[in-house]
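Protein chains: 4
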Amino acid sequence: MEHNIDLSGYSIRTDLAVEAHELAWQKNETDIPGVLLQADDADPNIKVTRLHVQNEEGGKAIGKLPGHYITIEVPKLRDNDTSIEEQVARRFAHEMVSFLKELGITEEKKALVVGLGNWNVTPDALGPMVVENLLVTRHLYQLAPETVGEGYREVSALSPGVLGITGIETSEIVFGVVEKSKPDFVICIDALASRALHRVNTTIQISDTGIHPGSGVGNKRKAIDQNTLGIPVIAIGVPTVVFASTIVNDAITYLLGHFNQSMAESKRAFNKLSMSTLPERKEPYTEEDLPDMESRKTFMGLVGSLPEEEKRQLIHEVLRPLGQDLVVTPKEVDDFIEGVSNVIATGLNRALHRAVDEQNSGAYTH
Amino acid sequence: MEHNIDLSGYSIRTDLAVEAHELAWQKNETDIPGVLLQADDADPNIKVTRLHVQNEEGGKAIGKLPGHYITIEVPKLRDNDTSIEEQVARRFAHEMVSFLKELGITEEKKALVVGLGNWNVTPDALGPMVVENLLVTRHLYQLAPETVGEGYREVSALSPGVLGITGIETSEIVFGVVEKSKPDFVICIDALASRALHRVNTTIQISDTGIHPGSGVGNKRKAIDQNTLGIPVIAIGVPTVVFASTIVNDAITYLLGHFNQSMAESKRAFNKLSMSTLPERKEPYTEEDLPDMESRKTFMGLVGSLPEEEKRQLIHEVLRPLGQDLVVTPKEVDDFIEGVSNVIATGLNRALHRAVDEQNSGAYTH
Amino acid sequence: MEHNIDLSGYSIRTDLAVEAHELAWQKNETDIPGVLLQADDADPNIKVTRLHVQNEEGGKAIGKLPGHYITIEVPKLRDNDTSIEEQVARRFAHEMVSFLKELGITEEKKALVVGLGNWNVTPDALGPMVVENLLVTRHLYQLAPETVGEGYREVSALSPGVLGITGIETSEIVFGVVEKSKPDFVICIDALASRALHRVNTTIQISDTGIHPGSGVGNKRKAIDQNTLGIPVIAIGVPTVVFASTIVNDAITYLLGHFNQSMAESKRAFNKLSMSTLPERKEPYTEEDLPDMESRKTFMGLVGSLPEEEKRQLIHEVLRPLGQDLVVTPKEVDDFIEGVSNVIATGLNRALHRAVDEQNSGAYTH
Amino acid sequence: MEHNIDLSGYSIRTDLAVEAHELAWQKNETDIPGVLLQADDADPNIKVTRLHVQNEEGGKAIGKLPGHYITIEVPKLRDNDTSIEEQVARRFAHEMVSFLKELGITEEKKALVVGLGNWNVTPDALGPMVVENLLVTRHLYQLAPETVGEGYREVSALSPGVLGITGIETSEIVFGVVEKSKPDFVICIDALASRALHRVNTTIQISDTGIHPGSGVGNKRKAIDQNTLGIPVIAIGVPTVVFASTIVNDAITYLLGHFNQSMAESKRAFNKLSMSTLPERKEPYTEEDLPDMESRKTFMGLVGSLPEEEKRQLIHEVLRPLGQDLVVTPKEVDDFIEGVSNVIATGLNRALHRAVDEQNSGAYTH
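Here the protein sequences come in this chain order: A, B, C and D.
Okay, so the first sequence: first residue is 4 according to my numbering, each after it adds one.
Okay, so the second sequence: first residue is 4 according to my numbering, each after it adds one.
Okay, so the third sequence: first residue is 4 according to my numbering, each after it adds one.
Okay, so the fourth sequence: first residue is 4 according to my numbering, each after it adds one.
Simulated from the structure, these hints should not be mistaken for lab results.
Keep in mind that the hints are not guaranteed to be accurate.
One copy or two, either will do: identical chains are not told apart, so a pair holds if it fits within one copy or between any two.
[As the list claims (entries may be wrong)] Derived pair list, reagent style DSS-like, types lysine-lysine, alpha-carbon separation capped at 30 Å:
1) Lys63 - Lys50
2) Lys79 - Lys185
3) Lys50 - Lys30
4) Lys79 - Lys63
5) Lys104 - Lys183
6) Lys185 - Lys30
7) Lys112 - Lys30
8) Lys63 - Lys112
9) Lys30 - Lys113
10) Lys104 - Lys185
11) Lys104 - Lys79
12) Lys50 - Lys185
13) Lys225 - Lys79
14) Lys183 - Lys79
15) Lys113 - Lys63
16) Lys113 - Lys183
17) Lys30 - Lys183
18) Lys50 - Lys183
19) Lys183 - Lys63
20) Lys63 - Lys185
21) Lys225 - Lys112
Here the structure is a predicted model, which means the values were calculated and not measured.
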């Protein structure tokens, strides 16, 4: 999660492709060329959205790299209900199996699962916590292959830590370990930042675009993706934090939307009203003539079309007393992270090993 | 912290007396009768505010019980700087010693320190974490009094847990333990909710008013204070969370203030403008006559004087997608809680035991 | 577990009635009056022993208070096998249900579960860890009784901490809470000391004799039992540590037993041999005449019948370099405690609430 | 610590060179060629032993690789006394500075500190816990070299995890990271096994021989040393566990020593005695003639010179009921590991960075 600290681009400060798409769509109110979206909400509890960014054009439009993004949204995941968690683990495993198949990753391909993030920072501990609960088998294949049954895959796992603890770029550690351990593909697990509090700990994103740290500190920080590693890199992420500025931004945006609507209504009312109550004259009154145009324009400027720059300025003023742009997480973060990391580990164990099914998958997690 | 979940009164949703006073002052823009405030910011890093709610009238005005409130604010406490932490521990110990003296609590009086809160929920674990680092001596006085040196006080400590874990009201547990262990006074440590993100983990409040759970679940939940226990109860609290709705509320309030100002300006501009451009007539135009009054009133209603109820409605709409009113905490909560609980434990050990000073107080905490 | 530190009686240093009985039996090699023992090993994985100490005489003989003791021994519990853990939870729940029935504790009786021990010391954290995973309902009965379904019992829970953390005797805290919360019976969970490493984390003891701290520090430390509380007190314990001296003691005892056997054999050989090889004389040789009697007696003294006092002396010499009598636990203690506390919490949830069964009991534990 | 599970060679089951030397010395009761030993106990609390294994011959004699071993023994480290901990940190830092100097490792050389072991197993968590408290600077040198003050060194750190969690040999991970991050030398921190309970958590060993996993699982497991990495590898270890069999072995050895002495005495007594009391005959009696030789030889066989193989057999019989050879750790392991990892981290921070001294070194650890 350490790559989200780039403050410059806060206005599209989201790691979720569905949110980036939503934002772009809100601006344009039209389909975005180069981006295909398909939503599946057959299951009342689980909404799955498939987003295909087909090319650079689509990528630029929504600020995400070309590739496939699957988003699993489960508002009830926040209820700490074990039967919901089991449903999500099942669906997540199912989506992972399909995703691997589409990428041509067959059962004998060796996986390295990388748990990104800082185990000392609860909202950032998702990756390490998933790694703790994985069914790891590579050492058995290496040391005692005859003991490994049918239906298992060679899986290794690593929690490389974060720059502040290791002093080494995560990507360098991953590159070194990939060179030595030679997996066929990599799965990276990471905590994400969302725009919306309601997506925190209720959403899982799968993508084939890898991990791309913010460019805030020069271009020294390398991506972990197929280009840099030479093998497929699947990223699994769960939003666990939001920027406080985003909450404020959303509140203001909502409020302005609310005002705009009232504006439109009162404008219509006024137009009818004024025509009849104003003194007659030869030339018909037009809107432009109306004496309140000046003030109304001011309002409109303020309310209806407050430009991005001004809105940002407002937000900064609201958050100024903080002296910094805080990132927040729900108070119940300990429980949430435990629950969702369990869901992902359970789902991954099933998706990576055919022999692990719903009957026995609980045995491999805490 | 479990007592802050009462949603009905969200508009004064703060456990900090200084914030409650600030809110009341903002409304009235005048001194509040029955409330004395004295700020001490001689130390550039540490601001200490003494608030004396003198009577019921003052209490009602700011929504806090009559009593003394000391607030120690240290924005730099967020920097994880051990030398700042030492400064704050020293000042906090100093304030506690004075506070005890003013309450007539002399050195031989026996203390029971109660660490309220849930150790499984990081932002709520402050109380239990402080208790873990206290220098507890009661058992020595009971079992081997001859081994206790000069300058120590009889101190016991308890982390009673929360209702969801024990099934027993915290107050019942405390009452039972007080009856059996017979302390002369009680100190309760608790995590608080603040209105402002910038006060989270940077502020310590000391008061002599005890602990008063929200009245949301009937009046079955008892206070822990001098009335109910029969001995002085000092409450020490640190804000560790804010309600997301408070962040939004503050943002909207700020925004509306901003608009109001613009409104006033544009209204003045309009008035000049309209008088000259409108057709002449006998009776002078007044503002009331202006044809855009309808819409302008709408605007004003929306923007200028949005009533509390409507503002609350707006906030609920903004937060509606959440399905609940989330309480948030900074992402770095693990570090913050560890740091501030260490400060409080160190300070309490010094304040309670004269023999513990800056040279050796570190030895009793982790 | 803090009550096992009494060093004076190390020779019967065990909290397990079956071990105390075994020791007494080894000495006497005969049935012990006043003690009934019944072993059930129908299940190949789980051995259940029921020990009834019928009176004071039996109690003195084995050093345990009169009462009922059930011991569940599962060597495979150490294998971290979730299906074994489920079997044990089921059997433990079954035994608890029977035990409650025999004590006349019906379904509407209110339980207080007390998790004794120190959460900061892993081998002593059993009690607190069980409490964390209990299905606690008392607050629901108090605050919203209409929401509690059929088949549940009023259960509360408490982890009072240890003397070194609180400065208050655990018994005082429990007495205070019992007076205020008024349960009908108490269940205490505690980590125990065993004589044998192989019983550590593989054995569960249930008894109706309560908790009796060592008398090492005067008689100031009170028991938690039916006499002191006035309501039934069931103790559930799991051995998690052994005294290093016990390991040494057992090794020496075993060794001496081994030697004794060899001694007996060689003595017989010698007797045959010596009779024929010694010079003839009128009076027949007896053993007493044999010239090596001196040395042999020395050997026998050393080996065959080394008195308790001397054996203890030897052990102290072996352990002397330690400067203390260390208590040890298996290296894997973290895993063991997590596993066995889960088993006990799961079993207790089923035994206390009829509505909790094998299908849903997992939902209440982590 | 995972490399100590090789059961075949349990009789020299120690990771400490001083213990291996002691064992070899006990056998031979003479100086061992190729091994130099120098003890420094000027400080009453801290004994430092320097062992130089000069060549292969010396190495074979004591079962340790040629190289330098420094052992710091502090029995009082077990008392949880912060002033002792500070003394040890200071001495450890001092020894490390000398050790680095002797190896020709100057101040500008870049260090990679590797925390070996399993963070989920408390007695094995030493390495990871030290890493958490290190002052890591490499990223500052890489990203913002101008911000690094005088007197610091480029330090990075890694906790690679254990084979059971990652599925990858620790050495492979370290090799990969060394290739990418290019340190000049490596420091490995690891928990060790000792022969003696009294050395657990009271001893620190520094050596220049690197880390050498047991050869129990084929020769697939690679060492981490200068040969394999091409750069100096310093190993820092603290014994945190002992094999239960070692405790038993030591007890039996002690007991047999005790018996041997008694045997010798009684033999002498017997010889005198028998000569005079036996019937006269022409040929003088020799010891061989004595009729009790048979049995005495048996005794001697059993007691005086019980061969290693038989002793091992005995120990196995004593431990047989366990079904496995348990490794044990003191009950207070959580506290011990926290204390000693803090000592090592504090000492390392001082030894690696000249700018870190006793005034400020506490600031970098928890």
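Honestly, which of those hints from before does the structure not fit?
-> 2, 4, 6, 7, 8, 9, 12, 13, 14, 15, 17, 18, 19, 20
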